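A.B. asks: Taken in sequence, the protein lines are chains D and P. Residue 393 in our numbering sits at position 393 of the first sequence, and the numbers go up by one each step. Residue 147 in our numbering sits at position 147 of the second sequence, and the numbers go up by one each step.
Worth flagging that the hints you see were computed from the coordinates, not collected in a lab. Computed from a prediction, not measured in an experiment: that's the story for all the values here.
For lysine-lysine, the following DSSO-like pairs were computed, each having C-alpha atoms within a straight-line distance of at most 27 Å:
no. : chain 1 : residue 1 : chain 2 : residue 2
1   : D       : K518      : P       : K106
2   : P       : K146      : D       : K518
3   : P       : K146      : P       : K91
4   : P       : K146      : D       : K137
5   : D       : K681      : P       : K146
6   : P       : K225      : D       : K177
7   : D       : K681      : D       : K558
8   : D       : K558      : D       : K610
9   : P       : K106      : P       : K146
10  : P       : K106      : P       : K91
11  : P       : K185      : D       : K177
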Amino acid sequence: MRSYSILLLAFVMAGFVATAEAQDAAAPPASGSPAAADATPPATSTTTASAAATPESRPSGESWVTGTLDIGYRWVGTPGGSFATYRSVVNLGSGPKLVGLDLTILQPSRRWFDSVHLRAYGWGGDPYSTFHLDAKKASVYRLNIDYRGISYFNNLPAYADPLLANGITLDEQSFDKHRRITSVNLEIHPGRAFTPYVAAERDASTGTGVTVFQSGGNEYPIADATNDATNLVRAGFRAAFRHFDATVEEGYTNFRSDQNDSTGTKNNGDNSAPLIGQTLDLTSLLQSYGIRGNSNYTKAIVTSSPFSWFDVYAQAMYTAPRNTVNYQQYDTGNLVVLSQLLFYNSEQYLVSSTARFPHTTANAGWEIRPRSRIRILESFLTDQMNNSGSAAQNETILAPAASASQTAAVLDSTLGYHSNQAEANILFDAGHGFTIRSGYRYVWGTANDAVIPASGLITLEQDKLRRNVEMGTLSWRPTQKIFLSGEAEVGQSGSTYFRTSLYDYQRIRAMGRFSFWKHWQVSGDFRIMNNHNPLAGTSYKFITHQESLTLIYTPRSKTVNADVTYEHCGYHSNVTFLIPQNLTPGDSVFNENCHRISGMLNASVKGFRKQTVTLEAGGSAVLTSGSNPASYYQPTAKFTAPMIKNVALFGEWRYYGFGELFYQYQSFRAHLVTVGLRFSK
Amino acid sequence: MNHAPPHRRRSSRTCGVAALLLLAGGLQAQKPTVAPKTFGDDYAGSDQCQICHEDNFNNVTHSNAHRVLDTDPRYGFQGHVCEACHGPGAKHASTADISFIRFPSKLSAAETDKICLNCHLNQPTHAGRIQSTHAKNAVSCPSCHKMHVNGGALLVARKNADVNNLCEGCHANVKAQFEMPFHHKVPENAMKCVDCHNPHGTVRPTMTQTFAASEPGCLQCHGDKRGPFTFEHAPMKFDGCTACHEQHGSANPRMLIRSQVRQVCLECHANMPAAVPGESRAMAVVPPAFHDLNSPIYQNCTVCHQKLHGSYVDRFLLK
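If we strip away everything but chain D, and leave its shape as in the complex, we get (with noise of 0.2 Å):
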């Protein structure tokens, strides 16, 4: 399959070219193009003619085709370690590879393009592949497609498991999934005034996975396979005008997503231990979820410029997604319900549910410069969703030495969030490279989380937000080769959603860049965050604070370059709670303190026949301590060769090494080695 789809590619890819170059020799000379004399106006007097006539054309003599094509092979050397730690973290396989594939194709008569821009990495069965075109024919169209497939796969021994603590791993959270996400957008006349576009994009899912199927007390694995799809559509236009900009768009999405778990063995699930002297087990499922939906949605934003001190935009937004669902559930076993402690053999259950959510945002903001050196930025948010959903669940239980029991409920939900922000900045250029920047933020809002029996009682949430922020900023920047900035914002809540929301903080961050010595350039960046919620019954204390020093060498010849970085983080969590099954008061401590280097080095070298050997040799550590410690090392090392004209040879060596203190059976080391060739022109 993996060598099927280089071949694919590479054929597609040869295909463009040769037609490209078909369309080159069967075109009319350049002159006596229509669309070239479309993109080419005559000269004016001041006109310097020549280069201006012929936008992207080539020297004489010089290849319209250029580009570089990496095709090759990996080795991967059998991972020492956990294998499915290895596919959860870095999931590169061996076999054939389509490296990377970088064309540019320039047409010289630009009948059908200016210029077609071809990327691709990563084909071969890699975890991420992508693959790009763009291409373009001055004022009359540009067209991009993107496509990346990425490898979802996770099964970490540790994760989430109820039974860790016995000594015995499991794979109930596990997955393997395949997400392709496509897009194409269509600008038709680009740099007119008046642009329409069209795009479409998609994004599909498909996998299979180990979940749980949670009744009564236990919980069974259960073999799981899924497969979601969001097809988006979209067009509008943009109207741009000398002190006015217009932009609407319309969209319509289409959203599937179905979930099939079953199992036909008999499961005794993670819960051994009889329930009042009976053994629980599910024999057989059969559970199914059937969600369609789509939404549309309007964009429009206008940005003008009036006069030369006023500037102004604004733009709104509005989307209303709805769903529904069709749920399946039939189930046989020994189950029991806890809360009657009712054992029964079969359980039918079914869920009709819809969702409707729709979401409006708009945004307005505005900068003034009443001086030159003054420039006085404000802004308004506001931030509008409802969601109201409906459930009617039917549960039918078929127990031994009893009566059918049939349950019918209807369950709504409401959710709702109303968030506004207003922002003023004033911005003052002190002179001699210095600016100050001055602000002030309002943030205010309401939510609320409502979930509605048909009887009984309704629970109800509901809080809002109240924020003032004050900012500024010092930056200054003498010369080219030195710049220094420091940011200040604190923030003081009266009220937050969430415990662990910001409430009290106060965020600073510096840094520098500095150039010396001609080639030699160091930077150095830090960033704290204090954040304190000291209402009763919270006290939550959070400060994460990081520095980084890195070191950049670019001499102009070129032969050698290096750049290393090292950070230092730490982060540090405290939150109090009650422990639910005493009620007892504890505290949720996280604290992690990290190293972290990378680096890389790249030395041209002259070799064999005086040909250009490029070399490159660095790689990252990490190395964490506190609530997880951990490590991990990512060394590599690369070599280009050239063998004769437009073909070289290249190999990489990398080395995956990971590791966790309190989960030494997760760990894994693994070298890959890559060698292929490049095909240049």
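Given chain D, work out where chain P should sit, using these hints.
C.D. replies: Okay, now just chain P, sitting in the frame of chain D:
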């Protein structure tokens, strides 16, 4: 409350869009033509610049998007592409004195941006500019867009690797976060920073891209988490994915903000009553009372609460 039936609301929206299209069409027809700019003696013309700065001239006029300044009369700089940004250059051309020419890269960020925004202000990409932290922190356009480059690859970086390198130049700490074992595939160049962020600013915090008008850009690739769910998990909608996940990279599985799943859950579902009856105590503080954390079954919330992003079926997010 809108009591209009759905088909009427759709019709009115369609009519609105059609009216805007017509209006735009009318405005298009009435678009005023820009009078050709007359250049005084203080302007030299690009051919004068070319004499000394041939490389830059060739790059800009051959393969750089700014060549339209030289060819399109609408911009009013035909034959003066260099002076569109560098200002009148006659004095500099005649004396070769650099003090007589404008270097945008040496101006203050606001002055530099003003030059660029002369042409680029009214573009949808910049509609959130005022809210962008770049604009507010004196990060000017040339910090990311290299003007005198051949082929336009650095004028507007398109390749994933180019974009990521550009951003990492200032955001070294974010680069370091991507080196954690569980991360979005940015270092592998399967993704680029601008897939998730619009560096020019958006309506969402941290300049996050939007999907389908106003929804979080995360849903571009994680469409199955969009909903709407019959029973929503509120933080997903209020605080977004970052309520529980480190968006760049983490040492914790599934990029969670805590190493243990139950920690993520219990910090909000803390079972804490309000200190003062009736006082706000934040939402979702109470989990079901029978959760005995001594039992392994209850130590990992997602074993049972599988649909924690939201459920179509069960109010407790069990299925």
